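Enquirer: Sequence:
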Amino acid sequence: MKYFAVVVFESVMRLLFALPRFRLANALKSGFLRLCGASIGRRVVFYPGVWICTGRNLRVGDHVDFALDVLVTSDGGVRIGDRTLIGYRSQILSSNHAIPAGRGRIFGAGHVRKPVEIGTDVWIGANCVILPGVTIGDGAVVAAGSIVTKDVPAYSVVGGCPATPIKMRD
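Numbering-wise (numbering that gives the first Met the number 0), the sequence shown opens with residue 0 and increments by one.
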């Protein structure tokens, strides 16, 4: 029965999230995520190809924009503040595979889940990766192609692999 539920969930996700970004489609996408346990704010925009794994433990504020092909894994918990822009093909990951001690087997070692917090009025550029356990402060900007491994202070601009501070917003 669990396998059937997964197949139904993934099939509905693929159909719904392939729709273009018009108001009715965004309302359907938001409604589906709410049925899955997510908290979705007003006027959230989902471009085609967005993929949100499970939806539970996901909290999205008002006026958030998910561009093309954004991936979110929310099983560790993801909170996204109001007026946040997430660039195309970016990934917000709240879980990852566990690395066993010593020479233990990686396959079957389980997962590590850590929450991701993204503040209000944040801009995440295209092709960014936000790793588990990261907090991005209000008003921050993450440059395109960055891999964020550590917390980002409010109103800072970061970039690179791994992301490092570039400047503070004035």
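In case anyone wonders, no lab produced these hints; they're calculated from the structure.
Since we're looking at a predicted model, the values are computed, not measured.
Be aware that one or more of the hints could be misleading.
[As the list claims (entries may be wrong)] Only pairs whose alpha carbons sit at most 16 Å apart, straight line, appear in this in silico EDC-like list of lysine to aspartate or glutamate: (1) Lys113 with Asp137; (2) Lys113 with Asp150; (3) Lys166 with Asp137; (4) Lys166 with Glu116; (5) Lys166 with Asp150.
[To be verified] The calculated label-pair distances, taken between Cβ atoms and stated as ranges, are: (6) Val7 with Gly159: 35 to 43 Å; (7) Leu27 with Tyr154: 46 to 54 Å; (8) Arg33 with Trp122: 33 to 41 Å; (9) Lys166 with Pro114: 38 to 46 Å; (10) Ala100 with Arg13: 14 to 22 Å; (11) Asp150 with Arg58: 16 to 24 Å; (12) Arg41 with Gly107: 38 to 46 Å; (13) Ile165 with Glu9: 35 to 43 Å; (14) Leu67 with Arg33: 35 to 43 Å; (15) Glu9 with Gly109: 18 to 26 Å; (16) Arg33 with Tyr154: 26 to 34 Å.
Yeah, the Cβ is synthetic: ideal placement off N, Cα and C, and Gly gets one too.
Enquirer: It remains to establish, for every hint, whether it holds in the given structure.
Expert: Cross-check of the supplied hints:
no. : hint                           : result
1   : Lys113 with Asp137             : violated (20 Å)
2   : Lys113 with Asp150             : holds (13 Å)
3   : Lys166 with Asp137             : holds (15 Å)
4   : Lys166 with Glu116             : violated (21 Å)
5   : Lys166 with Asp150             : holds (15 Å)
6   : Val7 with Gly159: 35 to 43 Å   : holds (41 Å)
7   : Leu27 with Tyr154: 46 to 54 Å  : violated (35 Å)
8   : Arg33 with Trp122: 33 to 41 Å  : violated (26 Å)
9   : Lys166 with Pro114: 38 to 46 Å : violated (27 Å)
10  : Ala100 with Arg13: 14 to 22 Å  : violated (38 Å)
11  : Asp150 with Arg58: 16 to 24 Å  : holds (18 Å)
12  : Arg41 with Gly107: 38 to 46 Å  : holds (42 Å)
13  : Ile165 with Glu9: 35 to 43 Å   : holds (38 Å)
14  : Leu67 with Arg33: 35 to 43 Å   : violated (22 Å)
15  : Glu9 with Gly109: 18 to 26 Å   : holds (22 Å)
16  : Arg33 with Tyr154: 26 to 34 Å  : holds (31 Å)
Hint compliance for this structure: hints 1, 4, 7, 8, 9, 10, 14 are broken, all remaining hints hold.
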